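Chemist: Just so you know, we're using my numbering here: the sequence shown kicks off at 1 and counts up by one.
No wet-lab data here; the hints were simulated from the structure.
All values reported here derive from a predicted model rather than from experimental measurement.
Beta carbons are placed, not taken as given, at the ideal position from N, Cα and C, and that holds for glycine.
One thing to keep in mind: the hints can contain errors.
Computed beta-carbon distance windows for the label pairs [what the hints assert, rightly or not]:
#1 P33 / K67: 40 to 48 Å
#2 F98 / L29: 15 to 23 Å
#3 K64 / M1: 36 to 44 Å
#4 L34 / T75: 28 to 36 Å
#5 E24 / V44: 31 to 39 Å
#6 L129 / K64: 20 to 28 Å
#7 L145 / Y65: 15 to 23 Å
#8 P120 / T75: 40 to 48 Å
#9 Y3 / P33: 37 to 45 Å
List of simulated lysine to any residue pairs, SDA-like, C-alpha gap at most 25 Å [stated by the list, open to error]:
#10 K31 / F81
#11 K31 / L54
#12 K31 / T19
#13 K31 / P68
#14 K67 / L54
#15 K119 / P68
#16 K31 / K119
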Amino acid sequence: MIYALIIPLAAGAFSSVLTPDSSEIFNMLNKPPLSPPGWLFPVVWTVLYIFMGLASFLVYTSDKYTKPALTLYCTQLFLNFMWSIIFFNLQMYLAAFFWLFLMWFLIIITIVLFYEICKPAAYLMIPYLVWVTYAGYLNLAIYMLN
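Generate the whole structure from the sequences, applying the supplied hints.
Modeler: Now the structure itself:
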């Protein structure tokens, strides 16, 4: 189980290391209504990565065939990792939005596949989908305002 938790947490941590100026960049941007304070992002992402890790563990330890579901899970996790680099390092806000939309779509498919294997695993992924939906709103609005 520890590996299932370490993988998403490490992806998030490594992404943070590769985007060291993200807080400063975020603070300088024109932001839309309902933008959260910057300190909330690492808190929410840590909880979401733990949920994702637990979900992947439940799927991995199920008795059903899990390779397609876990492959898709890893793919969307890679997209998640790269989004910060596109948004903060490259400051390509529109490209980051489309990247995020692709990630959102893969998260939905991952949830569907997880649901077929282990319903609690799918439920653990729903807060992630909700947050990424909210992130899509922020991302698109930031693109439009900057």
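Chemist: Against each hint, give a clear statement of whether it holds in the structure.
Modeler: Consistency of the hints with the structure:
Against the hinted window of 40 to 48 Å, the Cβ-Cβ separation of P33 and K67 comes to about 43 Å, which satisfies the hint. Take F98 and L29: their Cβ atoms lie about 18 Å apart, and the range 15 to 23 Å holds. The hinted window of 36 to 44 Å between K64 and M1 is violated, with their beta carbons roughly 18 Å apart. Checked against the hint of 28 to 36 Å, the pair L34 and T75 passes, with Cβ atoms roughly 29 Å apart.
At roughly 19 Å, the beta carbons of E24 and V44 sit outside the given window of 31 to 39 Å. L129 and K64 have their C-beta atoms about 22 Å apart, which keeps the hinted 20 to 28 Å range intact. Between L145 and Y65 the beta carbons are some 46 Å apart, a value that contradicts the proposed interval 15 to 23 Å. For P120 paired with T75, a C-beta distance near 22 Å fails the hint of 40 to 48 Å.
Take Y3 and P33: their Cβ atoms lie about 40 Å apart, and the range 37 to 45 Å holds. Proposed proximity of K31 and F81 is supported: the alpha carbons are some 22 Å apart, at most 25 Å. A distance of roughly 33 Å separates the Cα atoms of K31 and L54; the hinted pair therefore is violated under the 25 Å criterion. The straight-line distance between the Cα atoms of K31 and T19 is roughly 19 Å, inside the 25 Å bound, and the hint therefore holds.
Of the pairs offered as hints, the one joining K31 and P68 is violated, with about 38 Å between alpha carbons and a cut-off of 25 Å exceeded. For the hint pairing K67 with L54, the CA-to-CA distance comes to about 16 Å; that is within 25 Å, so the pair holds. Restraint check for K119 and P68: satisfied, since their Cα atoms lie roughly 16 Å apart, inside the 25 Å limit. Using a Cα cut-off of 25 Å, the hinted pair K31 and K119 is violated, with the two alpha carbons roughly 36 Å apart.
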